[in-house]
Amino acid sequence: DAGVTQSPTHLIKTRGQQVTLRCSPKSGHDTVSWYQQALGQGPQFIFQYYEEEERQRGNFPDRFSGHQFPNYSSELNVNALLLGDSALYLCASSTRIYGYTFGSGTRLTVV
Amino acid sequence: SQQGEEDPQALSIQEGENATMNCSYKTSINNLQWYRQNSGRGLVHLILIRSNEREKHSGRLRVTLDTSKKSSSLLITASRAADTASYFCAANQGAQKLVFGQGTRLTINP
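Protein sequences, first through last, are from chains A and B. Add 167 to the 1-based position in the first sequence for the working numbering, that's all there is to it. Add 7 to the 1-based position in the second sequence for the working numbering, that's all there is to it.
None of these hints come from the bench; they were simulated from the model. None of the values given here were measured: they were computed from a predicted structure. Any given hint might turn out to be false.
Unchecked claim - The following label-pair restraints were derived from C-beta to C-beta distances:
(1) B:116 / A:194: 23 to 33 Å
(2) A:227 / B:48: 21 to 31 Å
(3) B:46 / A:278: 15 to 25 Å
(4) A:181 / B:59: 24 to 34 Å
(5) B:16 / A:227: 20 to 30 Å
(6) A:278 / B:61: 47 to 57 Å
As the list claims (entries may be wrong) - Not the full set, but computed from the structure, chain A residues with beta-carbon under 7 Å of chain B:
(7) 212
(8) 223
(9) 270
(10) 272
All C-beta atoms in this analysis are idealised placements derived from N, C-alpha and C, irrespective of residue type, glycine included.
Using the sequences and the hints given, assemble the complete structure.
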């Protein structure tokens, strides 16, 4: 039973560039959430997608955008990268309120 | 911003001892969840306690919840080297998001 799959696992980008991270949810899950985890900190909620729409958004600028596809997979896009965007980006899939399953994350380094 | 605060930030104990971590949160919750993270990788769900529950057990894990004090604790009994990790509490306020604390770094010494 495949869990949550994230790609790529590591990524190095230059300031000002754009990046797309991908997430395939656990089988049977229809909701995808994205979190940013800076080094030494707890994860912070970016946004959540359900039925291909953004259902809730955390305190992140518009440079962060996302998409959910009909097969429930999701993408996180970050434009105009800043050094401060360097972090581990975690995707979590779920159904209703409970049952969060996290992927292993994408480590983004902005230089 | 982080809603939860965890205490202690770091904990180092001998193998076989018990480890206790505490978590506080700020708003009302539907449930509170605990996660483990090894070496900055993905989060592994450990246990969920609902707002109407006071204590829950799962194997060597015991979680308590005090909604009047907006606090929770995670007890790991008979610790093992493999328990070395960061532990996070996450408050679930509803259907949408989890609000995490900053975590406790637990080190189990052989």
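Exercise. Per the hint of 21 to 31 Å, is the separation of the Cβ atoms of residue 227 (chain A) and residue 48 (chain B) within bounds?
Worked result: Once the Cβ atoms are compared, 22 Å apart, the range 21 to 31 Å for residue 48 (chain B) and residue 227 (chain A) holds.
Exercise. Okay, residue 181 (chain A) versus residue 59 (chain B) on CB: inside 24 to 34 Å?
Worked result: With Cβ atoms ~50 Å apart, the hint is violated.
For this session: Double-check residue 223 (chain A) for me: the hint is only fine if its C-beta lies closer than 7 Å to a C-beta in chain B.
Result: Holds, because the Cβ-Cβ distance from residue 223 (chain A) to chain B comes to roughly 4 Å (cut-off 7 Å).
For this session: So, residue 270 (chain A) near chain B? Judge it on the closest CB pair being under 7 Å.
Result: OK, holds: residue 270 (chain A) within 7 Å of chain B, min 6 Å.
Problem set entry | chain B contact restraint for residue 272 (chain A) - C-beta distance below 7 Å | 5 Å, holds
For this session: Can you let me know if the beta-carbon spacing of residue 16 (chain B) and residue 227 (chain A) is within 20 to 30 Å?
Result: 25 Å, holds
Problem set entry | Distance restraint hint 47 to 57 Å, applied to the beta-carbon atoms of residue 278 (chain A) and residue 61 (chain B) | 49 Å, holds
Exercise. Holds or violated: is there a CB of chain B closer than 7 Å to the CB of residue 212 (chain A)?
Worked result: 4 Å, holds
Exercise. Per the hint of 23 to 33 Å, is the separation of the Cβ atoms of residue 116 (chain B) and residue 194 (chain A) within bounds?
Worked result: Hint violated: Cβ distance 39 Å, outside 23 to 33 Å.
Problem set entry | Assessment of proposed distance window 15 to 25 Å (beta carbons of residue 46 (chain B), residue 278 (chain A)) | Because 22 Å falls inside the window, the suggested range holds.
The earlier numbered hints that this structure contradicts are 1 and 4.
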